[in-house]
Amino acid sequence: MYDFAYQKPASLADAVKALGADSEAKALAGGMTYIPVLKQRLAKPSTIVDLSGLGLTGITVTGGTVTIGAMTTHVAVANSAAVKAAIPALAALAGGIGDEAVRHRGTIGGSIANNDPAADYPAAALALGATIKTDRRSIKADDFFTGLFSTALEQGEIVTAVEFPVAAKAAYEKFRNPASRYAIVGVFVAQTSAGARVAVTGAGQGGVFRHTAMEAALAGNFSAAAIKGVTTSPADLNGDIHASSEYRAHLVGVIAGRAVAKAG
Amino acid sequence: MGFEGIGASVRRKEDSRFLNGRGNYTDDINRPGQLHAYVKRSDRAHATIGGIDISAAAKAPGVVAVFTGADLAKEEIGGLPCGWQIHNKDGSPMAEPPHPVLAVGKVRHVGDPIAVVIAETKQQAKDAAELLSIGYTDLPAAASLAAALAPGAPTVHDEVAGNICYDWQIGDKAVVDGVFAGAHKVVRLDLMNNRLIPNAMEPRAAIGDYDVNSGEYTLYTTSQNPHVIRLLMGAFVLHIPENKLRVVAPDVGGGFGSKIYHYAEEAIVTWASAKVRRPVKWTAERTESFISDAHGRDHVSVAEMAVDAQGKFLGLRVSTQANMGAYLSTFAPCVPTYLYATLLAGCYTTPVIYCEVKAVFTNTVPVDAYRGAGRPEAAFLLERLVDAVALDTGIDRVELRRRNFIPVDAFPYQTPVALAYDSGDYQTTLRVALKNADWDGFEARRTAAKARGKLRGIGISTYLEACGIAPSAVAGSLGARAGLYEVANIRVHPTGSVTVFTGSHSHGQGHETTFAQLVVDQLGVPLDQIDVVHGDTAKIPFGMGTYGSRSLAVGGSAMVKAMDKIIAKGKKIAAHLMEASVEDIEFANNTFTVAGTDKSKTLTDISLAAYVPHNYPIEELEPGLDETAFYDPKNFTFPGGCHIGEVEIDPETGVVQVVNFTAVDDVGRVINPMIVEGQVQGGIAQGIGQALLEAAVYDENGQLMSGSMMDYTMPRADNLPNIHVATENTMCTHNPLGSKGCGEVGAIGSPPAVINAICDALKEYGVRHMNMPATSGKIWSIINAGPSKMAAE
Amino acid sequence: MPQVTLTVNGKQHTVEVENRTLLVEVLREKLALTGTHVGCDTSQCGACVVHVDGVSAKSCTMLAVQAAGTSVLTIEGLAAADGTLHPMQEMFREHHALQCGFCTPGMVMSAIDLVNNHPAGLTEQEIRDGLEGNLCRCTGYHNIVKAIAAAHPLMHAKA
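For the record, the sequence lines run as chains A, B and C. Start counting the first sequence at 1022; every next residue gets the next number (our numbering). Start counting the second sequence at 73; every next residue gets the next number (our numbering). Start counting the third sequence at 154; every next residue gets the next number (our numbering).
Next comes chain A alone, as it looks inside the complex (with noise of 0.2 Å):
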């Protein structure tokens, strides 16, 4: 990788200053993804601002809303005995990112920021209708996840939390890529107060999409049965040497459908 300059700020208003005041400078969180992107020499950074001193970490439930920080490891998420009793769905979904080890070190923050679009956390974010918090802002999840790799977060800001309203039931299944083990298609499906989302991850040309066919057919039944017909195109969604648009587009429907099943 390229040599860079390291701060490790002591507060969020710190971190804030360094990020702002240089435009080339990057935030890390736990370094899952962009420590492998930093190796690969696709990014340049002048200047890595270490997030973990800020003590973004801890899960609390409340009146309905379950608030994670963001430098709360996918480890912590997936043991949380807090989180497995409101949404046992977002524990499940962070026990199954990546290796024990890389939940070691990933965070939610991390994830969400960095929006890849074959991530699992974005799904959950969108399903659940989640509001994603930052230094100077909340943002709703609906308004957060804006391409591949981009988000609606400006240059410098910081997330420091993601709120997830408890659901009435919530499921994630996700087909993996037999090689890298990321999603090659993941479906979270929620019921909510707004009534049911389905969040794709891992199929969309343009990331994680909401899946507003099936969102009607669950709408009045919330059961694998009421979207056994609903097809999705494969016009937007990706194609690879794992897995065409094609055949994405078909487990897009039984991954959905699945999932649906599990929510119970």
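Note that these hints are calculated values from the structure, not bench results. Don't be surprised by glycine CBs; every beta carbon is placed ideally from N, CA and C. Check before you lean on any hint, since a few could be wrong.
[Claimed, not checked] Below, a list of computed lysine-lysine pairs in the BS3-like style, where the Cα atoms sit at most 30 Å apart:
(1) 522/B <-> 1249/A
(2) 1190/A <-> 1249/A
(3) 131/B <-> 183/C
(4) 183/C <-> 198/B
(5) 1283/A <-> 522/B
(6) 198/B <-> 1047/A
[To be verified] Which chain B residues stay away from chain A? Per the calculated CB distances, all over 12 Å, these:
(7) 157
(8) 256
(9) 593
(10) 605
[What the hints assert, rightly or not] Take a look, some chain C residues computed to stay more than 10 Å from chain B by CB distance:
(11) 169
(12) 223
(13) 270
(14) 273
Here the structure of chain A is known, so what remains is to put chains B and C in place on it, guided by the hints.
Chains B and C in isolation, oriented as in the chain A frame:
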């Protein structure tokens, strides 16, 4: 101390250092004053290079030197040699274009080395390499067999018209055609053997270290055969005599064939270390391994079997195209010929066989032997074709195989494709495998799976292979440019401990244990007093190394011969000490005894006398107890057996899971059953990987799409079942151990067993054949197309 | 050059590094702890797995500066001072769970973490799933799975 000799599952001597992190792999070695090399590689599949501007890189921080192909050419450094010459149908030799160490004028595959930057740190070398300016002019690429053989295809080497390396044949075409013309039925299958990337877990590495005082070069390298590297690099590339070149292959983290070959980086660091007068180290990054380690397999074939009304095989006709990649790797030409077509009889009595092979240059990484090397290609073709014959004739696939097996009383058996098998019992390995796999209970399991919504299938493969290419004279007549013997030096020390110096190389096979067990067995020395030394040309007289499952059959036999000499000499010393006739001395259990008396001397008594020759037959015998043997085998060995795979397919997603795998192999005499089981399990894992997961995929421009572990599917623990391994052995008749080899049987026998099982699971969809890997997407396409009538019905 | 202080196998070290230096490079090149290996560059093979503050981490996907102040355990620190192997090492030996030995250090460190995280027991499937982050090209995993299953009762009996 329990039984430690032949047949004991002794725990491995080498494990202690590996389990404590004290292995000594090439990248673990650091020489004083060491510099680091970064190899700049082509990112184009096919381009001319107008010029290379090194000026900025040469001035970058920490950079000591930058070298290009022009620098090597100035010193008349040779190209990388090829170790096997094949002849065309018309008797002319194959096309053998130059394989420069660093590209000159043109690059021919993504990964082709262009320049080397040597700097104080590896990061500095890599930083500076980005400053190299290379004047590429892109050329159209021939990135596949089809593209390279198409009319008007780009020419990989200007001097090789049509990209044909050779057009070779074995068998009498007219005779075979005649048999086909009169046959009851001809069954044809078009198939491909997928291209694989070996991916031993240790990336390749090399350190060159030149000693200014002695003029001696030392190369530390990740090699399966250090003496071969010394010979090839010293004689053909760098022109360094053997006495000034030492090659050390220390602990090596897996090879599977990919570390047999002489690679450019070995020559670069060795040569450069003298130029810069400091040690130079290079270690591949994994992504670099994908485009610089030799790949494996990549065949396209048409196979036809002529059968009579009872399903007896009358003749086999095969036409194969084999991808050589952009250059000839060290042993590439022999893989699709003498390690492939000669295996096409398999374990069957097929009386006539014809095979033609076109080897083709493409703008891809060179292809060479990968675990099995030619034999998996033959086994896959044959065992798939036999299942197709069963399908087309309606004869049960097990019964069909039984009808065509070479019977146990037919050995030695001369096949129509050159090889003469010495031993085997195919009915027995089949019978035991069917029992171990509960073949008869399968239909109940299929029904139960169906109730769970899964498609279940079972597949069988009764494969045969050949190990330990031999004898040297025959190999030489077939084009080998090296001998194929092995060397052992057995040193009995004065106080009775033993060091074995072997020309075989262990990179996971456990030779330090199994070879010591041979000494336990023959000399009666306890295991903990025996050390096995390998991998250093300064210590070992000579050696051909480890590949083709040859180490025990050839290297072990050399040890037996050397120990025979030790015993023979020991008897003479014992006769002198005990004042008896040599003919009356017997040796067993570490002890020389005068027959019919209670007079005896231990091996230690004898070795002490040999090194402290105060009372010694000094007029007749030299002192010392240290013997060397070169063993040239009389023939190949012929392991074989039966593999049975059982799969379940999720029809909604197309995902295949291997749920049971049963192997019954005939590997000849087993020295350490635990290690044999491990070798077979590992081979089967690679075979299942080939069948289901692994594929090197190039796009039409010659870019490797599966260029990292993010896109090349390595088998993981959850992809594999428990693997049930057993042996039913017949002894090899021509080597002193009776051993045949076990390193490759798993990778050879298993792919057709898995694919046959998948075809069985999908039979209601009319699937007659499926190429590897059987990915979920491929299977979903079949299922999505819907059930159809079976072709044979 | 930045300095990083960290504890490795119970011993504190201060090393000079570039900011881009990886933890595995510190271990291998600065501290000569070459038991931790690098088998890939995409964080998939797990040959580099060590424990950082008691849990598994891929030392090729962690900057040395991120490891400042942590306590790192590598394969070299596993056996007792008298050479007695950790039960996981012992079971790997007993069940022939290693061949070339290259993946072994990372495999052992991951396996210990896996067993630590499942005190109640591990099914064969859980072991296979738990090895997702570690590649072995030699063994076919069969004997690795056996070794981990065998080490589980030994590790938890001891605790």
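Can you name, in rising order, the numbers of the hints this structure does not satisfy?
none
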